[in-house]
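S.K.: Protein sequences, first through last, are from chains A and B. Per full-length UniProt numbering, the first sequence starts with residue 1, numbered consecutively. Per full-length UniProt numbering, the second sequence starts with residue 1, numbered consecutively.
Derived from the structure by calculation, the hints contain no laboratory data. We treat Cβ as the ideally placed atom computed from N, Cα and C, and that holds for glycine. Incorrect hints may have been included.
[Unchecked claim] Straight-line Cα separation of at most 20 Å, SDA-like style, residue types lysine to any residue; simulated pairs:
(1) B:K271 with A:R172
(2) A:K271 with B:G280
(3) B:K271 with A:G280
(4) B:K170 with A:K184
(5) A:K342 with A:N279
(6) A:K271 with A:F242
(7) B:K271 with A:W60
(8) B:K170 with A:D400
(9) B:K184 with B:L195
(10) A:K271 with B:L195
(11) A:K271 with B:G243
(12) B:K342 with B:R272
(13) A:K170 with B:R272
(14) A:K271 with B:K184
(15) A:K271 with B:K271
(16) B:K271 with A:L28
(17) A:K170 with A:G243
(18) A:K271 with B:R172
(19) B:K170 with A:S167
(20) B:K271 with A:K184
(21) A:K170 with B:K271
(22) B:K271 with A:G243
(23) A:K184 with A:S167
(24) B:K271 with A:D400
(25) A:K184 with B:K184
(26) A:K271 with B:R427
(27) B:K271 with A:K342
(28) A:K271 with B:L28
(29) A:K170 with B:A114
[As the list claims (entries may be wrong)] Per the computed footprint, the stretches of chain B lying under chain A, defined by three or more beta-carbons under 8 Å from a beta-carbon of chain A, are:
(30) 5-11
(31) 116-124
(32) 144-152
(33) 225-237
(34) 295-302
(35) 402-412
[Said to hold, decoys possible] Using C-beta positions, here's what the derived DEER-type ranges look like:
(36) B:E234 with A:P270: 24 to 34 Å
(37) B:Q232 with A:R272: 22 to 32 Å
(38) A:A230 with B:A365: 51 to 61 Å
(39) A:E345 with B:A26: 35 to 45 Å
(40) A:S379 with B:T24: 31 to 41 Å
2 protein chains.
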Amino acid sequence: MTPLRIGLVGLGNVGGAVWRQLRTQARLLERRSGRPIVIRRVSSRSPRRLEELGISKELWSPEWSSLTSDPQLDVIVEVIGGIEEAKKIVESALHNGKHVVTANKALLATHGQALFELASRQRRHVLFEASVAGGIPLIKALREGLVANRILSIHGILNGTCNYVLSRMKERAVEYHEALTEAKRLGFAEADERLDVEGHDAAHKAVILTALAYGFWPSLENVYREGIEAIQLEDLCYAERFGYELKLLAIIKGHPDGQVEVRVHPTLLPKRHILASVNGPYNAICVQGDVVGETLFYGPGAGGNPTASAILSDLAELARASSDEAYWERIWREDHGSVRLKPMEDILSRYYLRLTVEDRPGVLAQIASVFAHHHIGISAVIQPEGHGGARVPLLVLLHDAQERAFRSAKKVIEGLPVVEPPAISIRVEDISG
Amino acid sequence: MTPLRIGLVGLGNVGGAVWRQLRTQARLLERRSGRPIVIRRVSSRSPRRLEELGISKELWSPEWSSLTSDPQLDVIVEVIGGIEEAKKIVESALHNGKHVVTANKALLATHGQALFELASRQRRHVLFEASVAGGIPLIKALREGLVANRILSIHGILNGTCNYVLSRMKERAVEYHEALTEAKRLGFAEADERLDVEGHDAAHKAVILTALAYGFWPSLENVYREGIEAIQLEDLCYAERFGYELKLLAIIKGHPDGQVEVRVHPTLLPKRHILASVNGPYNAICVQGDVVGETLFYGPGAGGNPTASAILSDLAELARASSDEAYWERIWREDHGSVRLKPMEDILSRYYLRLTVEDRPGVLAQIASVFAHHHIGISAVIQPEGHGGARVPLLVLLHDAQERAFRSAKKVIEGLPVVEPPAISIRVEDISG
């Protein structure tokens, strides 16, 4: 049988795992795919990883362009990360008639639409199972397993670093910076953690999932994004008293009027929902389909081997003979009507609010009247005991409110003489279709 | 485009949902599959459901054989349930050159091997996404999403009725029969509950998953099976004190020597494992792959619409043009070496044991010496306070022991004069690859 011939661009953590696993699982993949899948050439800036990985120097080239232009290759696997150079690699591969497999969420979130249009013109595939939720076969589940469903909503824990940090804060009762330091020490966070903890990485993945579910690529800068840097242990503990757990969530929801809300922020989830039980460096994605109801997919969202597992599944898909060349074209061309991003100020959400207030009668009445004036209902209030200072915390849980109204009410409340700013607010999500 | 022409055999709960959803989602499925998927004929014993479902009587036939032999049909969807007649339908469809889509776990667990061999000879597909875990796209995940993995183990909550009953027992602090009565009233259990609560249904699904993961069909009567009928509230509560949650679990584990253990029984799971958080009538399956690590798939395991979602995904797969006709043949023919069922007496498991003992010194020493004699380690002992009778409970948690040794030790302990039989024992599983 003719082998599927791979050019591997990038020999970092993921590239190394792809090289190793494609060798370890070679026989298994050949049996299951019907033909061998073989890495014929590799490219990386320096040859220093070759020996460690046991790659013959003859396969190596410092220039990726010699791989993307090589007529002896069928597929380019792009795992260098970053955006601009990766874009050139993918474009060059497609122009030269090759399929592409990539794990690069930043690239797809930024240039996905243009790249898939190019792939369609070239009649080649860009597969990207590894770009969202690492080893979890989520893309395939959305496109094939749930093919009979309109997607009503997606709620995802899409960043393992953030989930690890939040889990540890609660487990060990430590503040954010201590948990982050531990995460770095154990390799669950990068030296430069900003891409993760500020929510950029989760936002990249949310853009890709939005495109898959609603056929529309929101521009990254318009996606509402809040990270976990400001989360305080105190709020995790108070949330617990209301029956909630705090997670960094990507929320994607289609509305019947064609608007889609896409947002990434710390979110309080009911403890009884299974997503609230996802701890440590894991990812989990809850998908509501109009036929199936609620499904959830859980697993390792990052790491060399889990990412390699997803990349190899894409390669197996390319290796399997398929006469359905138009498959991805249909997916990207599907007519979803006029879909557009719902402005953040228009979205509805419940809210948790922690205020620092003067400890005297009448304070709650003042605050309640501000919410009443903004037509926002209060669902619960807790005044924790045992503070005994002049200033005490006051916790308020709100019913659904429009973001615009909430922001306005919050601003008024922060300006009350009996309230000491800032007011801490966290959105609450009672997941359902 | 030529439509994919379906004959639907069975108009019960699932058949009705397939009919309805295939109409509701017709445009969406056509766009995504590249061609229309149309039910051309239906068959059911009596025409009484036709009006309710809005099916024209012209499509109906009381004889399934007029569908399986109709040259104008491409696929037979079999959703009548039961074994012997369903087997004839599938065989007849395959002999007449049609593909088959089925949700019938009992049929596949009993005759799967023969039916897939027949399909292979006929060069037709038998697709069965709906047969395990209802709407969760688990079969596709195992075969395609995790294609690069050897499956190390599968731990599944595969029966929603059992999971609902166990969840309610704990939530409402009621005994088994009260929870079951409620489950029946709310439609989460059948009038005849035995197929579910005795573990037969979960065992059917375990056989199918074993075949997929290890290419070997264990005979149903050799699969160890224990139901939930004997579970007492007391044990759920004591388990909680050890940090465990009780679930009916299907456990499938491959061993390097080619033995596979396949068993269905009540199992104590560590509360921190996400599978322990699966409550209510849901299914969840934890899959350990040698590359990806741990993944979990969660969703509705039964019900008309979730099952229809899975059946429609199989139909979409058949509708997509594929030149890879040998795909399923490769899967079923994959050489897994000489795989065989591991005898139940040889498996290793941890155990929870609840004894009723005389309340006097020396009792624990006698029991501990029996375990020592059988080379079984004790990991924890709890003597709950506040009983104050002549007979008190004694709870013992054991380290890994061979089933044979454990049974023998248990028998000796039940015979001790200081112990009042029966001893209640439940297996404990600390899930890991």
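S.K.: Is the Cα-Cα distance between K271 (chain B) and K342 (chain A) 20 Å or less?
M.R.: 39 Å, violated
S.K.: When you take the CB atoms of S379 (chain A) and T24 (chain B), is the distance between them in 31 to 41 Å?
M.R.: The hinted range 31 to 41 Å holds for S379 (chain A) and T24 (chain B), with Cβ atoms some 35 Å apart.
S.K.: With a cut-off of 20 Å on the C-alpha distance, tell me whether K271 (chain B) and L28 (chain A) pass.
M.R.: Violated - the C-alpha atoms of L28 (chain A) and K271 (chain B) are around 35 Å apart, more than 20 Å.
S.K.: Under the criterion that the straight-line Cα-Cα distance not exceed 20 Å, is the pair K271 (chain A), L28 (chain B) satisfied?
M.R.: Between K271 (chain A) and L28 (chain B) the Cα gap is close to 35 Å, so the pair fails against 20 Å, i.e. violated.
S.K.: Holds or violated: K271 (chain A) with L195 (chain B), Cα cutoff 20 Å?
M.R.: Violated. K271 (chain A) to L195 (chain B) sits at ~32 Å, over the 20 Å cutoff.
S.K.: Taking 20 Å as the top limit, are the C-alpha atoms of K271 (chain B) and G243 (chain A) close enough?
M.R.: 18 Å, holds
S.K.: Using a Cβ cutoff of 8 Å, are there at least 3 residues of the stretch 225-237 of chain B near chain A, or does the coverage claim fail?
M.R.: With 0 residues in contact (Cβ-Cβ under 8 Å with chain A), the coverage given for the stretch 225-237 of chain B is violated.
S.K.: Sort out whether F242 (chain A) lies within 20 Å of K271 (chain A), counting only the CA atoms.
M.R.: 9 Å, holds
S.K.: Given the hint that K170 (chain A) pairs with K271 (chain B), test it: the Cα-Cα distance must not exceed 20 Å.
M.R.: 16 Å, holds
S.K.: Can you confirm whether the C-alpha distance between K342 (chain B) and R272 (chain B) stays at or below 20 Å?
M.R.: Distance ~29 Å between K342 (chain B) and R272 (chain B) Cα, so the pair is violated.
S.K.: Checking one constraint from the list: CA of K170 (chain A) to CA of R272 (chain B), max 20 Å. Satisfied?
M.R.: 14 Å, holds
S.K.: Next pair to validate is K271 (chain A) with K271 (chain B); report whether the Cα-Cα distance is within 20 Å.
M.R.: 14 Å, holds
Comparing the model with each earlier hint shows violations of hints 4, 5, 7, 8, 10, 12, 14, 16, 19, 20, 24, 25, 26, 27, 28, 29, 30, 31, 33 and 35; every other hint is respected.
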